[in-house]
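With chain P held as given, fit chains V and G onto it using these hints.
Protein chains in written order, with numbering that gives the first Met the number 0: chain P, 0 to 172; chain V, 0 to 430; chain G, 0 to 290.
The set of hints was computed from the structure by calculation and includes no laboratory data.
These numbers were taken from a predicted model, which means no experiment stands behind them.
Backbone N, C-alpha and C define an ideal beta-carbon position, used for all residues, glycine too.
Here chain P is said to cover these stretches of chain G; the calculated rule only asks that three of the stretch's residues, wherever they fall, bring their Cβ under 8 Å from a Cβ of chain P:
id: 1; region: 112-124
id: 2; region: 270-281
No farther apart than 30 Å at their CA atoms in a straight line, the calculated lysine-lysine pairs in the DSSO-like style are these:
id: 3; chain 1: G; residue 1: Lys289; chain 2: V; residue 2: Lys327
id: 4; chain 1: G; residue 1: Lys98; chain 2: P; residue 2: Lys45
id: 5; chain 1: P; residue 1: Lys170; chain 2: G; residue 2: Lys98
id: 6; chain 1: P; residue 1: Lys45; chain 2: G; residue 2: Lys255
id: 7; chain 1: P; residue 1: Lys168; chain 2: G; residue 2: Lys98
id: 8; chain 1: G; residue 1: Lys124; chain 2: P; residue 2: Lys170
id: 9; chain 1: G; residue 1: Lys265; chain 2: G; residue 2: Lys255
id: 10; chain 1: V; residue 1: Lys228; chain 2: G; residue 2: Lys289
id: 11; chain 1: G; residue 1: Lys67; chain 2: P; residue 2: Lys45
id: 12; chain 1: V; residue 1: Lys14; chain 2: V; residue 2: Lys230
id: 13; chain 1: P; residue 1: Lys45; chain 2: G; residue 2: Lys260
id: 14; chain 1: G; residue 1: Lys124; chain 2: P; residue 2: Lys45
id: 15; chain 1: P; residue 1: Lys70; chain 2: G; residue 2: Lys124
id: 16; chain 1: G; residue 1: Lys289; chain 2: V; residue 2: Lys400
id: 17; chain 1: V; residue 1: Lys429; chain 2: V; residue 2: Lys230
id: 18; chain 1: V; residue 1: Lys429; chain 2: V; residue 2: Lys14
id: 19; chain 1: V; residue 1: Lys230; chain 2: V; residue 2: Lys9
id: 20; chain 1: G; residue 1: Lys67; chain 2: G; residue 2: Lys215
id: 21; chain 1: V; residue 1: Lys429; chain 2: V; residue 2: Lys9
id: 22; chain 1: P; residue 1: Lys168; chain 2: P; residue 2: Lys45
id: 23; chain 1: P; residue 1: Lys70; chain 2: G; residue 2: Lys98
id: 24; chain 1: P; residue 1: Lys94; chain 2: P; residue 2: Lys149
id: 25; chain 1: G; residue 1: Lys124; chain 2: G; residue 2: Lys67
id: 26; chain 1: G; residue 1: Lys124; chain 2: P; residue 2: Lys168
id: 27; chain 1: P; residue 1: Lys170; chain 2: P; residue 2: Lys70
id: 28; chain 1: G; residue 1: Lys289; chain 2: V; residue 2: Lys429
id: 29; chain 1: G; residue 1: Lys265; chain 2: P; residue 2: Lys45
id: 30; chain 1: P; residue 1: Lys45; chain 2: P; residue 2: Lys170
id: 31; chain 1: G; residue 1: Lys67; chain 2: G; residue 2: Lys98
Derived DEER-like restraints, expressed as beta-carbon distance ranges:
id: 32; chain 1: P; residue 1: Ile29; chain 2: G; residue 2: Arg119; range: 39 to 45 Å
id: 33; chain 1: G; residue 1: Ala102; chain 2: V; residue 2: Asp72; range: 26 to 32 Å
id: 34; chain 1: V; residue 1: His237; chain 2: P; residue 2: Ile29; range: 22 to 28 Å
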Amino acid sequence: MADASKLDKPGRRDFLYIATGAFGALGVGIGVWPLIDQMNPDASVKALASIEVDISSVGEGESITVSWRGKPVFIRHRTAAEIQAAIDVPMSELKDPETDAQRAERPEWLIMVGVCTHLGCIPLGEAGEYDGWFCPCHNSAYDTAGRIRKGPAPLNMEIPAYEFLSDTKIKIG
Amino acid sequence: MSGHATYVPKSDAGKWLEKRLPIISLMHSAAVSMPNPRNLNYWWVFGGIAMFMLIVQIVTGIVLAMHYTPQADMAFNSVEHIMRDVNWGWLLRYTHANGASMFFIAVYIHILRGMYYGSYKAPREVLWLLGMLIYFLMMATGFMGYVLPWGQMSFWGATVITNFFEVVPFIGDDIRILLWGGFAVDNPTLNRFFSLHYLLPFVIVAVVVLHIWALHVPGSNNPLGVEAKTKQDTLSFHPYFTMKDLYGIVLFAIILFYFVFFNPNFMGHPDNYIPANPLVTPAHIVPEWYYLPFYAILRAIPDKAMGVAGMFGAILIMFVVPWLDTSKVRSAKFRPAYRIFFWIFVFNGLLLGYFGQVSTTDNFLGIDGITNLIVSRFSTFYYFAFFVVVLPLLGLIEKTKPLPNSISEAVLGEEGAAEEAADLAAVDAKA
Amino acid sequence: MNNLSQNITSVIRKTALALLIATSVTGAAFAASKVEGAPEAEHVDWSWAGVFGTFDRAQLQRGYQVYKEVCASCHSMDLVKFRNLSDAGGPEFSEAAVKALAAEYEIEDGPDVEGEMFMRPRLPKDAMPAPFANNNAAKASNGGALPPDLSLIAKARGHYSFKDLFMGRDGLTGGSNYIYNLLVGYEDEVPEYITNADAHFELGDSNFNNFFDGYKIAMSQPLYEDSVTYTDGTVATLEQQSLDVTSFLIWAAEPKMEERKSIGIKVLLYLIILAGLMYAVKRRIWENIKH
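If we strip away everything but chain P, and leave its shape as in the complex, we get (with noise of 0.2 Å):
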């Protein structure tokens, strides 16, 4: 079956083979792509991306727990001793050294993810070695800006992106 005319011009040959496995593999590669994205959030997720909360009944000392994107959100109005406490902890004793203002845009007001940085659990309120939040999975230990001060966990808890809208009025996400 082998015949010499078709040895004349192996350039053309290949250079047609080529193109072709390389337009196929192309056409393939794109075509994978929708199988891949539509695991991606949908557009029904992407509408809840934000929520509002009103902290109005939320009292000095008080904590309140709501759900954004399926995870827990801490909203603590904190105690001026907790503040100051917050302040007081020198750079050089953190983990992930941040400021109690970076934490908090305003003082009374900490708003973080509930979410352990270590595996994902949630920590407990007013607890720990620390008296901020204690993850009861794997002994962290974070303070009362919620930092992480102590056991696994290598980062403090996310702060998520977050504005008021009022004094009594938050918009997460």
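Showing chains V and G alone in chain P's frame:
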């Protein structure tokens, strides 16, 4: 023709694996070195196309299942959620819905090709049986899939089909209740249909593997129906048939995606965009188009039990075709009389499909006094007569045309075949 | 070889013939059921029909106005969210406009911290408001007839014909022509062609419509001239309002149509080029091989 494994692993890793699990050489002999008759025409690409469609259906189906909710109150809206909110959801669902139709088109052509060229005859009976089993599983899968969007046609289609089982003597009623998980089609029915709709395609994949295995043993039939005997009768599967199949698949994909992008609802039914309502039956219940011929047979027979038996019989009779056909000659190319009956059979099938979706009491083609029902009975009669009368008798009385000695002789002429045989011998000698 | 290709051609010819017959049979059957003298349904030349068709944004915005001011008093549209009104390929209201449109309606939310349900203005994420609490309430207020949800009505009333197979006519054209003709097809009195065909025709409590199956429709004529006042200065004739709201309903049923068609053109072009390349590859491989 089973001794054509020519794969020799070159790398050490390849040798290591080959000793322990010769899977690469197995695949190599099935998809690369397998000798195929050189004279296959384009009707032979539909096997590859059907396989491609099966993959498309499984891949799109798995991702759709990530967003679908098989619960009677939520199913309809979850499908619309896919259509409206999920990234590319409309594309995935339209591809899956139209893909089912195109899968059936490919398989119908594949089956008719087998019937035209006598591909079911010895030694390929098991190959045919496995193919029919795939077809049967496809019908079940397609039916249950159509129920999932939980529209009006879904619901009432499910009701009609499950009611077939009532005709089973003594236990018919119990079977129905068992299928429903209640006293009518309802949430439990939807849930189990979803489970089975997810399972069956993988059963189909398993049977497809057996189907390919059974093809591998005797090799492909061909348009002449003469067995490949010598080396010059065949070409290796790769690159000759892989590239031909791929070309066919791309052409077929153009048709599939024309429907997906520009006419995605053509093959569906408008009523399925109305949520299921157990208290209101649509004016005309019409199954998916690929069941229409069988639905026409059901409606043509006046008795309920006989109608159901006729409908299932119409599918089951296809399984025994290898033993109904008495002709020694495979290809219709050399069977002038069979060719005529075959094309009438194809046309009759289309006609039955037409009868499956029109009102039985209307006049056929507007001709006074001749209802669709009457003509559909003739069609039903021919459908069965083709299998139980034409196939057995025609083989005994038909005068067939003379067969060529070999594929290569028919393709190359006597001289050419001799020449190529000498060439091949020289190549072998060198090696 | 020649035999073979002749064989294929004859097979193709025969199949085509069979299909043609089946098609014409279907056509004849559909044409059969029509009363003599009935007006012909109008086939509208929609801007969004065809392979390259797109919606007219201003028309969709006007259509929403018609829906909101007229249809919405009886018909719900559960599957359409306010946020969809700003989606690409739709009416494309600005996000601020959508927020304002949504806030015109309230929705029950809750429970709040005290466990009470409360009302709040709708947000873009919320669905369009339904006029009735449930189907039974809807029936009770409409003389026993249930006004269907309009989210998918354009696809649920689509009548697909073989003509729809070509030029991306989509089947949507069938549904849209039906809705348009229905909206403009009301008659105050039963026309003569009906009484001529059936002297005993009784309208009862229903309304007469030239294009409704059986001519008797529970819904009274919803649109008249100037039923709405368009803000963009378009004259609100009955026809104009019907065209606008029909286009809006098509969009509501098929919100991804523009995306679908524009991607479709690219995909088909790609496949056609790939088919050409594959044909060349196949030819190269098979050249000098008789088969």
